[in-house]
Amino acid sequence: MTALNSKQETVCIFGTGDFGRSLGLRLLQAGYEVVYGSRNPNNSALLPKGAKVMSYEEAPQRANVIFVAVHRKNYDFLPSLRPVLEGKVLVDVSNNLKRHEYTESNAEYLSMLVPVAHVVKAFNTISAWSLQSGGLDANRQVLICGNNVDAKQAVVDITHSLGLTAVDRGSLRVASELEDLPLQLFPLWRLPLRISAGLLGAVFLYVLIRDVGYAGAVEKKDKSFRIMISLANKVFPTVALVMLALCYLPGIIAAFVQLYNGTKYRRFPDWLDRWMLCRKQLGLLALAFALLHVLYTLVIPIRYFVFHKRANIYISLIKENKTYEFNDMWAWRSDSYLSMGILGFALFVLLGITSLPSVSNALNWREFRFIQSKLGYLTLLLCTAHAFLYGWDSFLNASAYKWWMPSSYMLALVVPCVVLVLKTILILPCLDRTLTRIRQGWEKPGKAGMHKNAKSSQPLIL
Amino acid sequence: MTALNSKQETVCIFGTGDFGRSLGLRLLQAGYEVVYGSRNPNNSALLPKGAKVMSYEEAPQRANVIFVAVHRKNYDFLPSLRPVLEGKVLVDVSNNLKRHEYTESNAEYLSMLVPVAHVVKAFNTISAWSLQSGGLDANRQVLICGNNVDAKQAVVDITHSLGLTAVDRGSLRVASELEDLPLQLFPLWRLPLRISAGLLGAVFLYVLIRDVGYAGAVEKKDKSFRIMISLANKVFPTVALVMLALCYLPGIIAAFVQLYNGTKYRRFPDWLDRWMLCRKQLGLLALAFALLHVLYTLVIPIRYFVFHKRANIYISLIKENKTYEFNDMWAWRSDSYLSMGILGFALFVLLGITSLPSVSNALNWREFRFIQSKLGYLTLLLCTAHAFLYGWDSFLNASAYKWWMPSSYMLALVVPCVVLVLKTILILPCLDRTLTRIRQGWEKPGKAGMHKNAKSSQPLIL
Amino acid sequence: MTALNSKQETVCIFGTGDFGRSLGLRLLQAGYEVVYGSRNPNNSALLPKGAKVMSYEEAPQRANVIFVAVHRKNYDFLPSLRPVLEGKVLVDVSNNLKRHEYTESNAEYLSMLVPVAHVVKAFNTISAWSLQSGGLDANRQVLICGNNVDAKQAVVDITHSLGLTAVDRGSLRVASELEDLPLQLFPLWRLPLRISAGLLGAVFLYVLIRDVGYAGAVEKKDKSFRIMISLANKVFPTVALVMLALCYLPGIIAAFVQLYNGTKYRRFPDWLDRWMLCRKQLGLLALAFALLHVLYTLVIPIRYFVFHKRANIYISLIKENKTYEFNDMWAWRSDSYLSMGILGFALFVLLGITSLPSVSNALNWREFRFIQSKLGYLTLLLCTAHAFLYGWDSFLNASAYKWWMPSSYMLALVVPCVVLVLKTILILPCLDRTLTRIRQGWEKPGKAGMHKNAKSSQPLIL
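Line order of the protein sequences matches chains Y, R and X. For the first sequence, full-length UniProt numbering begins at 1 and goes up steadily by one. For the second sequence, full-length UniProt numbering begins at 1 and goes up steadily by one. For the third sequence, full-length UniProt numbering begins at 1 and goes up steadily by one.
Everything labelled a hint here was simulated from the structure, so no lab data went into it. Incorrect hints may have been included.
Identical copies look the same in the list; a pair holds intra-copy or inter-copy alike.
Below are the DSSO-like pairs computed for lysine-lysine, each with C-alpha atoms no more than 27 Å apart in a straight line [to be verified]:
1) Lys49 - Lys264
2) Lys322 - Lys88
3) Lys88 - Lys52
4) Lys374 - Lys280
5) Lys322 - Lys309
Keep in mind it's a predicted model, so treat the numbers as computed, not measured.
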């Protein structure tokens, strides 16, 4: 049995905070020797067992890689260490508390303070907590940037030893981008959340005026208690259906733009690009509203209001000594719209599940497109049919329009119908064939000239 | 601060399509120099900033690795480049539009065209889109094959620099397999989908004849409106329960086969192997049908038909001046079957969640088996009890048989009962002990001889 | 086209069981030459094509790395191979059937048997099955430990070639820890499962006595049928709400401890640490009970008992010739508590989804904290409001207390209210400011002295 190998590498960590301690522990577990640099080398409480603590001057001497786990505002002791740090790899792991706090990135600032060292930005996207939890769970990527290839390689090696994946993101100029990452708060969700907030507000106001306002002003009845469930159950399905349609609209617009341009080698307008990029988020929000609609619908028979209304129907039926005739058409209609809704919702849940990262990663491109496109349009079709059958012929009835305002379900149908009609046009054989060729790289002869050369002569890989 | 290191490697990309552009961008971000080879080197519209474009002859000169991001049918310019490509690494990233389009794989064809280069197949399972999205999300594996170890290593190094994982799949003969992967459409789901389609069709036909057909022919009533919900809510639970049982049946058959063979070192028949491999998919489809059953059940009180039926019951109760006596047994029965169903469904959802890749990857083998086997049988038991309690004693009643056809829930119980009985036999101590020993490598003395040597003398690791 | 490169490495595997065969197949696919060592080298049935089988003496000769895929109790042939194994890397992949079966780990035992070889523990956390399934799914980590750095590196290289991630966990002393991992059965779930079992039992007993016992003893009515749904639907929501509150209580206690200590650099008591570590599991169990509560609530209108009760209400209303007056306040109350419940449950589902490994890995620290903390407290607030509105003013009513026992929903409100009140205190500006400073590394002057030096002069990175 051999003793611990003599080649063991030493890594130095400046700073004994949470991140420094967690990193040191993982490095020790991975077989590195760890030396902490500290202003007070005698204070080693809470540091992992097996690590040494030295002064800032001594600690880096035997190490090639030094992690600077200190807040940027405490970098001022570093310039005095220049002789010791010359030619060594300084890893900046720091993050700021807000974005744009400083003009240059922490790593570039560090590089100006200690120009004799090779500064690498890394590990700032990894939290102390995920370093500690380690084990089978922490399969996160370490994003790395820096100007010196060998210095980056040294950090990549350490990253791999810790069982993490390293992604080289380029030169130190990228550092400010990496430092922004941990401060982001759902950047891709902003636009979809704003759209859904706007739609929720607008539809709520509409049904509030139409249902509660009209009843108060014209019928002199206080129906404000309907806000909690009846109105909510008009707002959520309307917004869900519109947002589901909004997922598929940009793809259709893009197809028409490509058909008009006669090529796929022209950039889409910015607003279309941004819209295309947040389709997944739009769809997931629509799913959330659809779930709320399902729950609000299923509690209907438990509501006091419904219990009361039904009791009165039964009582009046008996008092008037009527028999309640069975209406076959109504049975068909009621069962059909419920059935369409259930099938549409179940497919929608399936779409949601396949957009989970671990599921979509296990699909190949063809499978992913099949689900998100074919099954997606089927979902939209079922949900639109659900709304149509729910309304049935009530749009013919004058009583459906209060103050000339149509019922909310009619508004909900506008965008989905536009999307479905446009999609039907796009899958006409003549258009579909042209579009497929364009997407394989073909260009309309007249248009190709715009790129100076007839690139269309050589279709390229998708 | 050091300038960009001089050792920076150059990578060449033939082809400026979507994939070529996305790959170039990632390579530039990772610090490589990128040179595009193009028929029209002046046309660099849309190419990532920082990349150079040259002619096919010039571009590969300074690079060791050349990515061929061009459709196979445009490979014809490559043979003329032989002198420039000699000894270099050619990475074939191409995919075809359908399977079996050509007799040999694209990579082998490329290798025949340019025999002086080392051809490596790689990156064809990665889409341009997932290269672009990059960042924290794209943790997909790059499958690699090729005949030259050094050439493969060069591609592995590039893969790692891009933050991706490389999997060496062997020699270039495997290329056709890798080229098939992106063209697959749910290969493991085919059999389960066919089974469920067959079951759905058969059960639907059965209940259609029994419920709608019988009512039309014998009772002269049109009950066709029942198709939308009442029949659907018989078809889905029946298929769900049968398919859940079909998940566990192959494991039981395999156990009996092993007991009969007296060894685990004999291959199962092919049909059993195929069946075992799609158990997860069978179970997930069963879960989908169970979810539909739950939704169809919960909308019952909202249906017009139910509202009408209940109104008539209330009216007739009052007209006949009866008091509605409370039947304690009926209350027990109704509540018990609902309760069993709810618990069974909740456990079923738990099984579904643990089969998500990211969840099952976080479990060790023992935990996975505990959930999928122990909790799985508990789910089957609860769901079978749910169906039994639903039927109660109605199977004794002649009116449950129309045209001698039993109710669909009775059919649903056949397979689950067989599975549960066989499982009960298997956990009898005497059989269980033998089976455990067989699975640890023990072989029945008489049977072991079939492998020439008494391997049973040395049990091997599971 | 070049032939297979001559540098191809040879790997030896002792043992031809399931694991040995699966590993050999993967190694062959990755381009290694594989030689099996076997007591009976003529018996090569079931071994992967392309592998050789030799005697234990011959097999290791050309290989540097030898996998020992044999049960520990069969290690006794290894000491006789010492001359052949000298200086080679022996990889111990073995697992035991139960924990603490032997005093020292299998790998350390192997190292004592063959001291001339470098023993590395690895691959024991990977199952034969996940090696076989391979492809896009098996992104599991290989945990490695050993005393020799070069030996470990050789195993790391093989791991990478197989497309797996290697995590170096340190010296061979860690081996017993790695050998325990595959034998664990949900270690983090034990405490939460015990807490929930205790709560379920206690609340069930409470409502059993209060509802069924009281009715039997005082009202002389047999209400035991209520156990299946009515009681279950009191037990599950109570336990769900209490456990949701228990998720947030330890964080609040920790904040008060830090405020009292005036520093974050002091360890929490052990029970608090354990509690903090299982918050996720507590929350997921609470979500499971909340789902059961939702399902039990939604089946209410299908129950025979409810149908009977409603029929009697309608009949008595008609017999007494009453009109059923609409009570606006009751409508508000009924709709509000349902609405709060639905919104709370939907948010709870969102929390559950973000705790899936693949989703939480895609979030940065700030996003994760936003969801789990801000949205978590909002969920608790909504669910508590749901319970309050459900009860309304019934706590004022003497009939709500049977045998002086309050209704179960009142018990359910105790812990959530405590948590919400304490949290409100903590977000008071004065306390919040101090707490934020403490969490950024600041220490109360009087307390800092406890660590000998004024470390507070240098706030450290989080």
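Hint by hint, here is what the structure shows:
For the homomeric pair Lys49 and Lys264, the shortest alpha-carbon distance between copies (19 Å) is at most 27 Å, but the shortest distance inside one copy (60 Å) is not. Neither within a single protomer nor between protomers do Lys322 and Lys88 lie at most 27 Å apart by alpha-carbon distance, with minima of 95 Å and 92 Å respectively. Proximity of Lys88 and Lys52 under a CA criterion of 27 Å is satisfied intra-copy only: 20 Å inside one chain copy versus 33 Å between copies. Taking CA atoms no more than 27 Å apart as the test, Lys374 paired with Lys280 passes in both settings, with 15 Å inside one copy and 24 Å between copies.
For the identical chains of this complex, Lys322 and Lys309 are neighbours both inside a copy (18 Å) and across copies (14 Å), given an alpha-carbon limit of 27 Å.
Violation of the numbered hints given earlier is confined to hint 2; every other hint is satisfied by the structure.
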